[in-house]
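Participant: Sequence:
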Amino acid sequence: MKKNNKYIQKINSFEDVNILKIIDKNTLVVFDIDSVLIIPKEPRLHPLIFKKYLFVVDNLYNTLSREKRHFLNHSIIAHEPILIEKKIPDIIKKIKKQTQYVIALTAAKKGRFDNSRKFFHNVRFNQLKSLDICFSNKIIKDDDYNFLKDTYGDYPGLRNGILYSACLNNKKGEVLSAFLYKIKIIKKIIIFDDKLKHINSILEITNKNYPDINIFSFHYNGVESMKCPKNITQEDFANYISKLIQKIDFDRLLQ
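Oh and the sequence shown: position 72 is 71 in numbering that gives the first Met the number 0, straight run, nothing missing.
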């Protein structure tokens, strides 16, 4: 779809687009992580199981505030991951040979998310490292965007080549725009995300703040091509999510 010199294309696999043909040294390539690169290995947390038992999710989530759901989602995606497509690490490595500007952009926040003292950005870095994915780059330095909105003191920021948007109170487009302010060389952006609302926020804000940048947005639906785990009953799924909720000390996190 063509709109204001921006493009959105739906894809089911990274093999659906020859990304190497549209990259040059002034291109920024931006990957979402969850449901684009990885999903939890735990079958009961598979996105297709969530979709299958959406009414269960709604019932459980409706008992929680928006803030509590945000922390619960972090606990879910902090589980050991698997790749959606086995070729993803090699694809990222090939892209890095053509441009130095390759990052990830996630809706997650970077700080504490459960009862431990762990910070989510450290968990995420190690998750990706275990799958041979790394976004760290000498020319893209860690940064904080304290002029944006915080989530209980946790502001959006850049860690190890990953932009943490803290989307409870911010939009991905706002955070990417803050990143672009310091990277003046970018002439083209290529985005992969599984949620149209995030793609649209990037298009809207980048088009306004950086009208000369061309954006090629790919709406990724690779999860839909995966096999849904078998033998996961409604009761098993509901019990697993309920136990996750019970484990989180929300009162401590929401101070």
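Any given hint might turn out to be false.
The following label-pair restraints were derived from C-beta to C-beta distances [what the hints assert, rightly or not]:
no., residue 1, residue 2, range
1, Pro42, Leu195, 21 to 31 Å
2, Asn121, Ile81, 33 to 43 Å
3, Lys24, Asp57, 38 to 48 Å
4, Lys40, Thr62, 34 to 44 Å
5, Ser135, Asn58, 36 to 46 Å
6, Ile10, Lys117, 26 to 36 Å
7, Ser64, Asp89, 16 to 26 Å
8, Thr232, Lys186, 48 to 58 Å
9, Thr62, Lys24, 45 to 55 Å
10, Gln8, Asn58, 28 to 38 Å
11, Ser135, Ala237, 30 to 40 Å
12, Asp89, Asn230, 28 to 38 Å
Here are the computed lysine-lysine pairs in the PhoX-like style, where the Cα-Cα straight-line distance is at most 20 Å [to be verified]:
no., residue 1, residue 2
13, Lys40, Lys196
14, Lys9, Lys246
15, Lys50, Lys196
16, Lys9, Lys194
17, Lys51, Lys229
18, Lys93, Lys51
19, Lys196, Lys207
20, Lys181, Lys207
21, Lys85, Lys196
22, Lys9, Lys128
23, Lys40, Lys24
24, Lys24, Lys181
25, Lys186, Lys96
26, Lys229, Lys67
27, Lys196, Lys148
28, Lys86, Lys40
29, Lys86, Lys207
Derived from the structure by calculation, the hints contain no laboratory data. Small disclaimer: the values here were computed from a predicted structure and weren't measured. Note that the Cβ used here is the ideal one computed from N, Cα and C, for glycine as well.
Participant: Work down the list of hints and note, for each, if the structure agrees.
Facilitator: Each hint, compared with the structure:
For the hinted restraint 21 to 31 Å between Pro42 and Leu195, the CB-CB distance of approximately 27 Å keeps it satisfied. Distance hint check for Asn121 and Ile81: the Cβ-Cβ separation is about 20 Å, which falls outside the suggested range of 33 to 43 Å. The hint said 38 to 48 Å for the Cβ distance between Lys24 and Asp57, and at roughly 46 Å that hint holds. At about 27 Å, the beta-carbon gap between Lys40 and Thr62 misses the expected band of 34 to 44 Å.
At about 41 Å, the CB distance of Ser135 to Asn58 agrees with the hint of 36 to 46 Å. The hint said 26 to 36 Å for the Cβ distance between Ile10 and Lys117, and at roughly 33 Å that hint holds. For the pair Ser64 and Asp89, the beta carbons lie near 42 Å from each other, so the given range of 16 to 26 Å is not met. For Thr232 paired with Lys186, a C-beta distance near 52 Å keeps the hint of 48 to 58 Å intact.
A C-beta distance of roughly 50 Å is found between Thr62 and Lys24, which places it inside the suggested range of 45 to 55 Å. The hinted range of 28 to 38 Å is satisfied by Gln8 and Asn58, whose Cβ atoms lie roughly 35 Å apart. At roughly 39 Å, the beta carbons of Ser135 and Ala237 sit within the given window of 30 to 40 Å. Taken as a hint, the range 28 to 38 Å holds for the pair Asp89 and Asn230, whose Cβ atoms sit roughly 32 Å apart.
Restraint check for Lys40 and Lys196: not satisfied, since their Cα atoms lie roughly 26 Å apart, outside the 20 Å limit. About 38 Å separates the Cα atoms of Lys9 and Lys246, which puts this hinted pair outside 20 Å; it is violated. At roughly 18 Å between alpha-carbon atoms, Lys50 and Lys196 fall within 20 Å of each other, so this suggested pair holds. Distance restraint check for Lys9 and Lys194: the Cα-Cα separation of roughly 11 Å lies within the 20 Å cut-off, and the hinted pair is therefore satisfied.
For the hint pairing Lys51 with Lys229, the CA-to-CA distance comes to about 11 Å; that is within 20 Å, so the pair holds. The hinted pair formed by Lys93 and Lys51 fails the criterion: a straight-line CA distance of about 36 Å is larger than 20 Å. With a CA separation close to 17 Å, the supplied pair Lys196 and Lys207 stays within the 20 Å bound. Straight-line distance between C-alpha atoms of Lys181 and Lys207 comes to about 17 Å, which keeps the hinted pair within the 20 Å bound.
A threshold of 20 Å between alpha carbons decides the hint, and for Lys85 with Lys196 the separation of about 27 Å lies outside it, so the pair is violated. Proximity of Lys9 to Lys128 is assessed by CA-CA distance (about 28 Å); at most 20 Å being required, the pair is judged violated. Using a Cα cut-off of 20 Å, the hinted pair Lys40 and Lys24 is violated, with the two alpha carbons roughly 35 Å apart. At most 20 Å may separate the alpha-carbon atoms for a hinted pair to count; Lys24 and Lys181 meet this at roughly 17 Å.
Between Lys186 and Lys96, the direct Cα distance comes to roughly 18 Å. Compliance with the 20 Å bound is thereby established for this hinted pair. The hinted pair formed by Lys229 and Lys67 fails the criterion: a straight-line CA distance of about 29 Å is larger than 20 Å. A hinted pair counts as satisfied when its Cα atoms are at most 20 Å apart, and Lys196 with Lys148 qualifies at roughly 19 Å. Of the pairs offered as hints, the one joining Lys86 and Lys40 holds, with about 17 Å between alpha carbons and a cut-off of 20 Å not exceeded.
About 35 Å separates the Cα atoms of Lys86 and Lys207, which puts this hinted pair outside 20 Å; it is violated.
Going through the hint list in order, the structure does not satisfy hints 2, 4, 7, 13, 14, 18, 21, 22, 23, 26, 29.
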